[in-house]
Amino acid sequence: MISLPINFGLTSAIQVGMKYAKQNNYDIAIQFDGDGQHDAKYLKKLVKEIEKNNVNVAIGSRFVEKKKPLSARMLGSRLISFAIKITTGKKINDPTSGMRAYDRKAIELFNSNASLTPEPDTIVYMLKKGLNVKEVQVEMREREFGESYLNAFKSIKYMMNMMLSILFIRSITRKKI
Amino acid sequence: MSITLRIILLVGSVVSFILCVRRIKQAKLKVENSIIWMIGSLILILMSIFSDVVGWISNKLGFMAPVNFVFFMIIVFLLIQVFVDNIRLSELNEKIKNLNHYIALKENKEKNKE
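Chains as they are written, first to last, in our numbering: chain F, 1 to 177; chain X, 1 to 114.
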């Protein structure tokens, strides 16, 4: 467990994990929500994808085999999916999923670009860099503890952030590393 | 430019200039950060003294009134300042973040050694 002296937010925490993974020469780094939404039993599935199928980033997705419900909550998810589709041509069904596994190449990208976040726009960046991103069907529960960092106002801010980042910043990522 | 505006500009820029110098003396403001404010207030002082020149320039540039030109200049100046500050803020943020990471990773390493 690495504890940071100052709380600098989710992105910073993920980035320090990526630095740690690189320093210790890890093969795979996993991003995982600690609020009870994610079930650790699916992690093996993600890791297997990376080890066996030459995948660089495996995403634990709720909607590979199942259909995305037509709810207001999923509207944002749909919008982001659409933005990813038009910028990269790839269909990511559950872009906001926080359960992901990254291989060495992706860890390296995290270490070389300090603006990368654990959010959907990073998927676009990784795709543009030529990495192989694959979704794996998982189940997720309702969160057991804590609160989502998204309320009504923050959701709008989050969406604007993501859309602007995907459409105008990550979309022009050059493939050359 | 009306005489009232000239006086306001003059007083305002003289006061800001003095404040700047005092802050530097108290070591609360770095010299390199204050230079831009000092230059800004000096220009405002010059503008309020030589308002004929301002009138001439604004006329040449096609402003409706010299006062518009003065405000325009101030807005441009402030926009640039805010933008530069924003960049600086981001840089500082990045530095603190990296420092934070460095400390955390180091402490973790030391803990593992024990």
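Please note that the accuracy of each hint is not assured.
As the list claims (entries may be wrong) - Derived pair list, reagent style DSSO-like, types lysine-lysine, alpha-carbon separation capped at 27 Å:
1) X:K111 x F:K129
2) X:K28 x F:K22
3) X:K111 x F:K157
4) F:K52 x F:K90
5) X:K28 x F:K19
6) F:K105 x X:K30
7) X:K30 x F:K157
8) X:K28 x X:K97
9) X:K30 x X:K109
10) F:K154 x F:K22
11) F:K105 x F:K44
Unchecked claim - Label-pair ranges, simulated between beta-carbon atoms:
12) F:P69 x X:V76: 42 to 52 Å
13) F:R141 x X:E110: 49 to 59 Å
14) F:F82 x X:I18: 33 to 43 Å
15) F:K68 x X:N112: 19 to 29 Å
16) F:F82 x X:K106: 36 to 46 Å
17) F:R141 x X:N93: 43 to 53 Å
18) F:F8 x X:K30: 20 to 30 Å
19) F:D35 x X:N93: 49 to 59 Å
Claimed, not checked - To give an idea of the chain X side of the interface with chain F (calculated C-beta under 7 Å), a few residues:
20) S58
21) G62
22) K97
23) I103
24) N108
25) N112
In short, the hints are calculated from the structure, not lab data.
Even for Gly, the Cβ is constructed at its ideal location relative to N, Cα and C.
When you check the alpha-carbon spacing of K154 (chain F) and K22 (chain F), does it fall within 27 Å?
violated, 32 Å
Can you confirm whether the C-alpha distance between K30 (chain X) and K109 (chain X) stays at or below 27 Å?
violated, 37 Å
Under the criterion that the straight-line Cα-Cα distance not exceed 27 Å, is the pair K105 (chain F), K44 (chain F) satisfied?
With Cα atoms ~19 Å apart, K105 (chain F) and K44 (chain F) stay inside 27 Å; holds.
Does the alpha-carbon distance linking K111 (chain X) and K157 (chain F) stay inside the 27 Å limit?
violated, 39 Å
Hint check for N93 (chain X) and R141 (chain F) - Cβ pair distance inside 43 to 53 Å
Hint violated: Cβ distance 34 Å, outside 43 to 53 Å.
Quick one: are F8 (chain F) and K30 (chain X) within 20 to 30 Å, going by C-beta?
Between F8 (chain F) and K30 (chain X), where Cβ atoms are some 25 Å apart, the hint holds.
Okay, K68 (chain F) versus N112 (chain X) on CB: inside 19 to 29 Å?
Given range 19 to 29 Å: violated, Cβ gap about 43 Å.
How does the Cβ-Cβ distance of R141 (chain F) and E110 (chain X) compare with 49 to 59 Å: does it lie in that range?
violated, 37 Å
Next pair to validate is K28 (chain X) with K97 (chain X); report whether the Cα-Cα distance is within 27 Å.
Between K28 (chain X) and K97 (chain X) the Cα gap is close to 24 Å, so the pair holds against 27 Å.
Decide if the proposed pair is consistent with the structure: K30 (chain X) and K157 (chain F), CA atoms, cutoff 27 Å inclusive.
violated, 35 Å
Less than 7 Å between beta-carbons is the criterion; does I103 (chain X) satisfy it with respect to chain F?
holds, 5 Å
Given the range 33 to 43 Å, decide if the beta-carbon distance of F82 (chain F) to I18 (chain X) lies inside it.
Given a distance of about 57 Å, which is not inside 33 to 43 Å, the answer is violated.
Hint compliance for this structure: hints 1, 2, 3, 5, 6, 7, 9, 10, 13, 14, 15, 17, 19, 20, 21 and 25 are broken, all remaining hints hold.
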